[in-house]
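Could you put together the complete structure from these sequences and hints?
When you read off a place in the sequence shown, starting at 1, and then add 505, the result is the number in our numbering.
Quick caveat, the hints were computed from the structure, so don't treat them as lab data. A virtual CB, placed ideally from N, CA and C, is assigned to each residue, including glycine. Hints may be right or wrong, so weigh each one.
Claimed, not checked - Derived DSS-like pairs: lysine-lysine, alpha-carbon spacing no greater than 25 Å straight-line:
#, residue 1, residue 2
1, K639, K762
2, K878, K704
3, K583, K518
4, K583, K639
5, K704, K594
6, K878, K639
7, K583, K594
As the list claims (entries may be wrong) - Taking CB as the label site, the calculated pair distances span:
#, residue 1, residue 2, range
8, N729, P782, 21 to 29 Å
9, Y550, A747, 24 to 32 Å
10, F727, H891, 17 to 25 Å
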Amino acid sequence: MDDSKFDSALRKKLREYEHPGDPGALTGFHHQIAAMSTASWYSRYRVELLIGTGLLIFAMITLGQQGLTRREREEAVKTLTAQTREIEKLRVEVHQLQMRKPDTVRIIESRQPGSLLAASLIRRIAILEEANRKLMAYNLLQHEGAAFAASSDSTPEYETMNDAAPTRVVPHKMEDKSFRVVREHRELRSTVERSLSAKTVYNLEKHYSRGVGLKLGPSFEFSNGLYSLGDGHANFSGGILADLIFSPSLAVETGAKYSARYYAIHDEQLLANASLPGVDTHFGDLQRVEIDYRMLEIPLNLKFRYPLSLSNHWLAGIGYSSTIYLNEDLEYTYRFDNQTANPTSIISNATVKKTSIYSGAINLSLGFSHALKDRRAIEASLFYNHGLGTQGAEATRTRFFGVRGVYWFTIR
506 MDDSKFDSAL RKKLREYEHP GDPGALTGFH HQIAAMSTAS WYSRYRVELL
556 IGTGLLIFAM ITLGQQGLTR REREEAVKTL TAQTREIEKL RVEVHQLQMR
606 KPDTVRIIES RQPGSLLAAS LIRRIAILEE ANRKLMAYNL LQHEGAAFAA
656 SSDSTPEYET MNDAAPTRVV PHKMEDKSFR VVREHRELRS TVERSLSAKT
706 VYNLEKHYSR GVGLKLGPSF EFSNGLYSLG DGHANFSGGI LADLIFSPSL
756 AVETGAKYSA RYYAIHDEQL LANASLPGVD THFGDLQRVE IDYRMLEIPL
806 NLKFRYPLSL SNHWLAGIGY SSTIYLNEDL EYTYRFDNQT ANPTSIISNA
856 TVKKTSIYSG AINLSLGFSH ALKDRRAIEA SLFYNHGLGT QGAEATRTRF
906 FGVRGVYWFT IR
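So, in structure tokens, the structure goes:
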């Protein structure tokens, strides 16, 4: 469509008005359309891309650390194997010296208490076994037959040895256990743990608790929103949470979470009645609005823990989250009637940069936690947030439901 046809269509519409149009207004309208710029596709998701890049870097660092730990453990296994062989040789040598007939002065001296030769061998055995004990404890290894493997227990094998064990000079007896015995021992431990009642687990945790406990950890949420004015989409949020543990069954959770939320309004009747900032009806009839939020949530939840075993707990929570809207981006789509079969769509943007605090939301959650090694734990839960009052510049009502995960580090 050339400019002449476009101008004639505009003049035809302007004749319907009581006052004639200003000839300069049409020129200004052309300049306004020419000056409008379309935002690039990635500008709206700049924050999400940065968060994704940060998560990717964190995953690469974690994998690198795991590889380094694995290589260190392999070197430790080689060192332990060599030192264990040397210990066995020294024990055999001392045993042979002590069992030989006293046909020489040197052998008689070696069998006497305080002999320099026997003392040096015993000292060497003690030093090697102590080095093995520390190396196994540091790398969480255990002795399985003639090899070393990662320990499935938090207490390494050498941690439970008798203090006098390193100074023994008699050869070790064969103590290799069959896989059946090892399996039955582990099954017995797990059966005993599962057989503990909730009251017994509660009393054990209460006995070993010392004042108010503290856990910190990163959280990640995936949710879907329901809006009174439009259609919601998938949302992601993340932050840092703190768990204040007052008793084995009661804790208070708080922290800060950053959220990016998005939804769209398509209903023209809702659009006509909604209070939207920056709407310009000179562009045409408003067809669609896409709204992006950047917000900060500060939750305060009361959590109840019910023990299933020493490591596993059911969780239930109820609380309140205050919401702070950092900014709100609105993208308007107008339909301009150009007297043809294909109307023109015009897009404009508006931003509300004013930080606003709204009435927040009620939180409900139900989940499960599992204790890991090194006083760490992982938690997964389903949650539901019910907004209180209206939120945003357009005054919409919100509800959210989704899945949350937290990786806890025990501070005290």
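A quick look at each hint next to the structure:
Only pairs whose Cα atoms come within 25 Å are accepted, and K639 paired with K762 is rejected, the gap being roughly 42 Å. For the proposed pair K878 and K704, the alpha carbon gap of about 24 Å is at most 25 Å, so the pair holds. This hinted pair does not check out: K583 and K518 have alpha carbons roughly 89 Å apart, beyond 25 Å. Distance check on the hinted pair: K583 and K639 sit about 15 Å apart at the alpha-carbon level, within 25 Å; holds.
A C-alpha spacing of about 52 Å is found between K704 and K594, which places the hinted pair above 25 Å, so the restraint is violated. Pair hint K878 plus K639 holds up; C-alpha atoms about 19 Å apart against a cutoff of 25 Å. Annotation: proposed proximity of K583 to K594 holds, straight-line Cα distance about 17 Å (limit 25 Å). For the pair N729 and P782, the beta carbons lie near 26 Å from each other, so the given range of 21 to 29 Å is met.
The hint said 24 to 32 Å for the Cβ distance between Y550 and A747, and at roughly 30 Å that hint holds. Distance hint check: the CB atoms of F727 and H891 are about 18 Å apart, consistent with the given range 17 to 25 Å.
Of the numbered hints stated above, those contradicted by the structure are hints 1, 3, 5, listed in ascending order.
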